[in-house]
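A.B. asks: Those sequence lines, one after another, are chains A and B. For the first sequence, the working numbering begins at 1 and goes up steadily by one. For the second sequence, the working numbering begins at 1 and goes up steadily by one.
Be a bit skeptical, because a hint or two may be false.
No more than 16 Å apart at the CA atoms, straight line, and that leaves these computed lysine to aspartate or glutamate pairs for EDC-like [as the list claims (entries may be wrong)]: (1) A/Lys140 x A/Glu152; (2) B/Lys87 x A/Glu96; (3) B/Lys87 x A/Glu86; (4) A/Lys127 x A/Glu86; (5) A/Lys140 x A/Asp154; (6) B/Lys87 x B/Glu168.
Coverage of chain B stretches by chain A, computed from C-beta distances (three or more under 8 Å per stretch; other residues unrestricted) [unchecked claim]: (7) 61-72; (8) 98-106; (9) 248-256.
Example chain A residues on the side facing chain B (calculated, C-beta under 8 Å, incomplete) [unchecked claim]: (10) Gly53; (11) Arg77; (12) Ala78; (13) Arg108; (14) Val260; (15) Phe263; (16) Ala265.
Source of the hints: derived by calculation from the structure; they are not laboratory data. Just so you know, even glycine gets a beta-carbon here, dropped at the ideal spot from N, CA and C.
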Amino acid sequence: MSPVISVSAVTKTYRSGQIALHEIDLTVEKGEIFALLGPNGAGKTTLISIICGLVSMSSGRVLVDGHDIVQEYRAARAMIGLVPQEIALDIFATVEDTVRFSRGLFGRHAAPGHIDRLLRDLSLWEKRRARVIELSGGMKRRVMIAKALSHEPDILFLDEPTAGVDVNLRRDMWGIVRRLRDRGVTIILTTHYIEEAEEMADRVGVIDRGRLILVEETAALMRKLGKRRLSIMVQKRIEAIPPALAGWPLRLEAEGERLVYDFDANAPDTGIPRLLRDLGAAGIDYKDLETSRTSLEDIFVGLVEGRA
Amino acid sequence: MSGLNLPGMWAIYRTEMARTRRTVWQSVATPVITTVLYFIVFGGAIGSRMQQVGGVGYGAFIVPGLIMLTLLTQGISNASVAIYFPKFTRTIFELLSAPISSTEAVFAYIGAAATKSVLIGLIILATATLFVPVRIMHPGWMVAFLLLTAVSFGLFGFLVGIWAESFEQLAIIPSLVVTPLTFLGGAFYSIDMLPEPWRTISLFNPVVYLVSGFRWSFYGVGDVGVRVSLAFVVGIMVLCLALLWWIFRTGYRLKP
């Protein structure tokens with residue numbers, strides 16, 4: 001695989017003096033789905049905006065399929081489609097016209113067949129002659145996607161694509177994303193829905209306070225950090241973990257009402273039977289047991305809090 | 001992809017012209033009605049009591065000034081709205097992310113604004129011929145002034161649109177700067193009719209040069225030399241282009 005986007009030492013300091021990005025290095029491979037995770041204000045949108053040409057970087061370099069985004073902006077930008085976080089449309093134009101406009105703006109000659117297919121795929125066909133102002137919020141978002149795909153980009157940026165989106169559109173959107181990926185389109189998305197990144201993305205990057213703190217294959221990340229957790233609700237509150245259990249990596253939570261034990265479900269010995277016997281021997285009764293998987297969210301929160 | 005982004009320029013031009021068609025009454029009928037009102041008031045009611053100015057009947061005398069006035073206000077309002085509105089609705093992200101150069105985008109936007117101004121100018125000219133005898137002594141110069149003014153004030157409007165951060169700011173330049181300058185720019189009189197020091201002060205008003213040159217192309221008389229007028233229009237255009245070049249180089253009010 002060859003990198004389709006390579007970001008080297010990109011920094012951004014806004015005119016206000018606010019540092020949005022500290023030396024970001026990132027490569028995105030051709031055809032992958034890359035998810036950028038991070039809390040609000042972490043720099044996700046700034047990074048995307050720099051690659052797409054909406055924000056000028058303070059220093060560093062970005063190559064899109066080998067084209068420098070500043071010197072060879074035409075070649076670089078022609079490959080990119082962007083669906084920004086906010087809906088921004090010419091509300092007086094018709095759906096069909098605004099989608100055609102986008103295709104032209106990106107230097108492509110009219111292709112009615114492609115536009116028609118796009119409108120059908122996005123369930124906009126019936127509304128193609130309606131003015132944007134007449135559409136619902138969900139339909140407007142579909143128009144934003146149609147515009148971004150109008151020039152058949154090789155790279156698609158989706159900034160918070162499912163924030164405030166209904167179930168149907170979310171399902172349709174992931175359907176489209178999968179189909180695009182099958183056609184070899186590279187997709188970079190930012191999301192707050194960590195389950196989505198987990199489900200959709202090949203790789204995940206975590207960005208926090210302007211620094212890219214982790215880039216990992218989603219599966220490997222889950223394997224490496226995706227431990228399971230046993231929560232033991234004790235019958236009677238305990239003040240401290242008894243010395244007899246000192247050998248176990250236990251944590252006391254919920255004001256002494258819950259013992260937490262993290263274990264590796266893939267290990268030959270999870271240690272659970274021995275732990276339960278030791279609990280009994282130490283005189284600790286329990287009323288409930290619960291196991292859960294540590295999600296990408298836990299990993300993420302752990303990473304971000306670990307840096308606080 | 002290399003070379004010009006012609007489909008991109010065409011897309012912008014077409015969309016801008018479509019905007020005009022959508023608002024055809026406001027865009028075309030308003031200036032025509034306004035002009036007819038001017039003719040009734042200045043040409044009919046007052047003009048009948050006025051002497052000839054420079055050998056030209058008063059009604060015919062004000063025709064070039066009226067067209068100039070419309071070119072200025074229309075050029076500024078069209079181009080400023082064309083760029084301010086995408087900023088306001090945030091649809092400008094698409095323009096900034098597109099493989100189109102600033103020059104190409106300006107060319108398309110100004111081309112559309114100028115097309116509209118020139119069309120309205122010609123409609124007013126046609127309307128005027130219904131009221132007064134209009135003759136054009138120097139058609140070549142007339143077309144040159146028409147085009148250059150439409151383009152220059154399109155560029156000026158574009159600058160206003162980029163600068164403006166609110167609808168109030170968008171309206172302030174045309175209403176507080178351009179309208180007074182136009183009314184004091186000799187559209188309805190020759191500055192020779194003014195007493196000193198107003199005559200000399202008028203020479204600092206750029207609109208005087210535009211109206212004078214344009215009127216010269218009609219009747220062969222002007223307040224200032226036609227070449228001076230031409231130099232003024234070109235000067236305004238160059239100044240606007242230089243400012244635009246600086247804006248796109250620094251990303252002023254377009255890119256954070």
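A.B. asks: Hint by hint, say whether it matches the structure.
C.D. replies: Hints, one by one, checked against the model:
no.	hint	in the structure
1	A/Lys140 x A/Glu152	violated, 20 Å
2	B/Lys87 x A/Glu96	violated, 22 Å
3	B/Lys87 x A/Glu86	holds, 13 Å
4	A/Lys127 x A/Glu86	violated, 21 Å
5	A/Lys140 x A/Asp154	violated, 23 Å
6	B/Lys87 x B/Glu168	holds, 14 Å
7	61-72	violated (count 0)
8	98-106	holds (count 4)
9	248-256	holds (count 3)
10	Gly53	holds, 5 Å
11	Arg77	holds, 4 Å
12	Ala78	holds, 4 Å
13	Arg108	holds, 6 Å
14	Val260	violated, 45 Å
15	Phe263	violated, 48 Å
16	Ala265	violated, 45 Å
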